[in-house]
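**Student:** One letter stands for each residue in the lines below.
There are 2 protein chains.
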Amino acid sequence: VNLEFPFSTVDRFITPVPRFFVRNHFPQPEMEASSWRLSIEGEVEHPGELDYEALLALPAREVASLIECAGNGRSLLQPAVKGVPWGMGAVGNAVWTGVPLRDVLERAGVRPGAAEVVLQGADAGAVTQEPETPGVIHYARSLPLAEALRPEVLLAYRMNGDPLRPEHGYPVRALVPGWYGMASVKWLTRVLVTDRPFQGYFQTFDYTRWERDNGLPTLVPLGEIPVKAAISRPAAGERLPAGRDCRIEGAAWAGTAAVARVEVSTDGGQIWSAARLLGEPAPYTWCLWEYAWQLPTHPGPCALLARATDARGRVQPMHRDPDRNTYMINHVIPVKVEVVNGE
Amino acid sequence: VNLEFPFSTVDRFITPVPRFFVRNHFPQPEMEASSWRLSIEGEVEHPGELDYEALLALPAREVASLIECAGNGRSLLQPAVKGVPWGMGAVGNAVWTGVPLRDVLERAGVRPGAAEVVLQGADAGAVTQEPETPGVIHYARSLPLAEALRPEVLLAYRMNGDPLRPEHGYPVRALVPGWYGMASVKWLTRVLVTDRPFQGYFQTFDYTRWERDNGLPTLVPLGEIPVKAAISRPAAGERLPAGRDCRIEGAAWAGTAAVARVEVSTDGGQIWSAARLLGEPAPYTWCLWEYAWQLPTHPGPCALLARATDARGRVQPMHRDPDRNTYMINHVIPVKVEVVNGE
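Residue numbers (my numbering), protein chains in the order written: chain A, 28 to 370; chain B, 28 to 370.
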């Protein structure tokens, strides 16, 4: 089951859990905290298991982080592409509580030759349409070791203060702030440290993009979320009364960077004006923004655009890069509204 | 254009060029020796270009080697799979003349950080059915550095003594003895030394298999040809007169190893008998073999099997490994014939 919520309903910093999008690759596994075990294996000095009680006994950390699906916005692409036809709502922002993966890895003693950390979920199944999975496989995704050791990468067991709900990975999921959701493996049961890059299904046949290396396209797994502003209101197709005031609202985010500014255009991209950021931008999470727009006095169509820049100076692109396959949709996409006479 | 020849016509050690299978990924490029250049780039001290005359002036080497398509035998798989529906004839054996790639790499001075050598052809195009190529790309394939430095890996310009024919890669192709044909890049124009594994289209979305690493399937590029015996005569479906003598014939090969023995069964795999090897088995090339079979005196169906073992003790498997996707088809496949009364 994959669920999203209309992006036009985004009106607060923290997304309530019942409004948080859900993306499963295989049927949701039945999990109990009492029988849950996390296996830590591979290139570590002390392989072992951790149960739920032992995890909760370790020092915890809270991180505000959004999760965005790597295919969020896919249904807006032209021409149409394959994949889950997400609108703009496959994104949500929450406060997560958990134990830094780093602490667990350090206790296990990562060996010098370690290259990556594979995170494996309890969910398993087979995809039989092309590209096929090699039979029944577990959902699994790897992080380069340096990413896995970022202190904000969590073995998370709480979402907005409550235990994880089953569809969000109960009892324990990974949380990789700043990376697309495919990295935040739900129903986490195995941490495998490897001495070479993991080439699993979900980082080769799926969740990959092309990078040009000496002119040759080379396939790389998706990772960090790039900078993006999205308009929540008005919604596409809305009819707005001429001459009135209208507040254009939205959210902006930039992976592991903070958003620096958001600009808005109401004329399809000729003139850009600064939007007002609501709250202090921070890495991993989004920043809500608004822009006071006085509607034209004459009726007609308007194309609303929003464009974000992050604290590292990276600007949201105006055009789609086809090397991203059906993922990483962060180029500026107009929201078309209609200005109408009187009311 | 992809062309094969009936495997039942294999009757000599060297396959005549006109009977050698052809596999192209993109339209055949128009090439001239006079304008041909090989660019040597990347992690080398002295990047540069080589023309045809300069290549021919370097010390040459002759190697007898077969080339087998990685999907050879695919049409015999049950259930049917996608891909070029090769019978058993996407294989041929030739004598190749060329300059060891190693010599050219050593002249260029491979840097210490080098990991792989990408071989790029002049052929280019786009595959638009899934999995799609990222637009128009060149055919390209990499070798781990140690493989590229094998002395028998050639920049080949002659096949069975004559200049390469256009469909076989004129003026210069790679020859990677012991590896499937996808490594022996035709119309070779670029040698790129890289400091990390190349993840091109033809070693991720295509020409790959799954390997189980700690229980997790991880995608690996195809490489060496495994041990295999194939029956050329009698052909499947042949009707043979009861009580007569019949010679079962075929060829066997084993990648970079020599074939050690071939066994034949005429009863579907109950009893195995040694076949006679014709000539001295050697790495890279095939060894023809024969077995004198006295046909049963009663009519009925017979399943003929051949099974090879290589000099490293590896035995041809009896069953198909699904992790090989639609490639590396070397399991024993029965040739079904019918013994009939009289003549």
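Keep in mind that a hint or two might mislead.
Claimed, not checked - Which chain A residues stay away from chain B? Per the calculated CB distances, all over 12 Å, these:
(1) R46
(2) V122
(3) T160
(4) P161
(5) A173
(6) L176
(7) R217
(8) E251
(9) A309
(10) L315
(11) A330
(12) P349
(13) E365
Stated by the list, open to error - Heads up, simulated SDA-like pairs for lysine to any residue below, C-alpha to C-alpha not over 25 Å straight-line:
(14) A:K363 - B:G110
(15) B:K109 - A:T155
(16) A:K109 - A:A301
(17) B:K109 - A:G162
(18) B:K109 - A:V108
(19) A:K109 - B:G110
(20) A:K109 - B:L322
(21) B:K363 - B:L322
To be verified - Restraint-style ranges between C-beta atoms, simulated for each label pair:
(22) A:Q156 - B:P33: 26 to 36 Å
(23) B:E157 - A:A269: 43 to 53 Å
(24) B:S61 - A:N241: 42 to 52 Å
(25) B:H73 - A:G152: 46 to 56 Å
Keep in mind the hints are simulated off the structure, nothing from the lab.
Small disclaimer: the values here were computed from a predicted structure and weren't measured.
From the three backbone atoms N, C-alpha and C, an ideal C-beta is built for every residue, glycine too.
**Student:** Give a verdict on every hint.
**Tutor:** Hints, one by one, checked against the model:
no. : hint                        : result
1   : R46                         : 33 Å, holds
2   : V122                        : 32 Å, holds
3   : T160                        : 8 Å, violated
4   : P161                        : 4 Å, violated
5   : A173                        : 15 Å, holds
6   : L176                        : 20 Å, holds
7   : R217                        : 9 Å, violated
8   : E251                        : 18 Å, holds
9   : A309                        : 33 Å, holds
10  : L315                        : 36 Å, holds
11  : A330                        : 28 Å, holds
12  : P349                        : 7 Å, violated
13  : E365                        : 36 Å, holds
14  : A:K363 - B:G110             : 44 Å, violated
15  : B:K109 - A:T155             : 13 Å, holds
16  : A:K109 - A:A301             : 35 Å, violated
17  : B:K109 - A:G162             : 17 Å, holds
18  : B:K109 - A:V108             : 22 Å, holds
19  : A:K109 - B:G110             : 21 Å, holds
20  : A:K109 - B:L322             : 56 Å, violated
21  : B:K363 - B:L322             : 14 Å, holds
22  : A:Q156 - B:P33: 26 to 36 Å  : 34 Å, holds
23  : B:E157 - A:A269: 43 to 53 Å : 47 Å, holds
24  : B:S61 - A:N241: 42 to 52 Å  : 26 Å, violated
25  : B:H73 - A:G152: 46 to 56 Å  : 52 Å, holds
Hint violations for this structure: numbers 3, 4, 7, 12, 14, 16, 20 and 24, all remaining hints satisfied.
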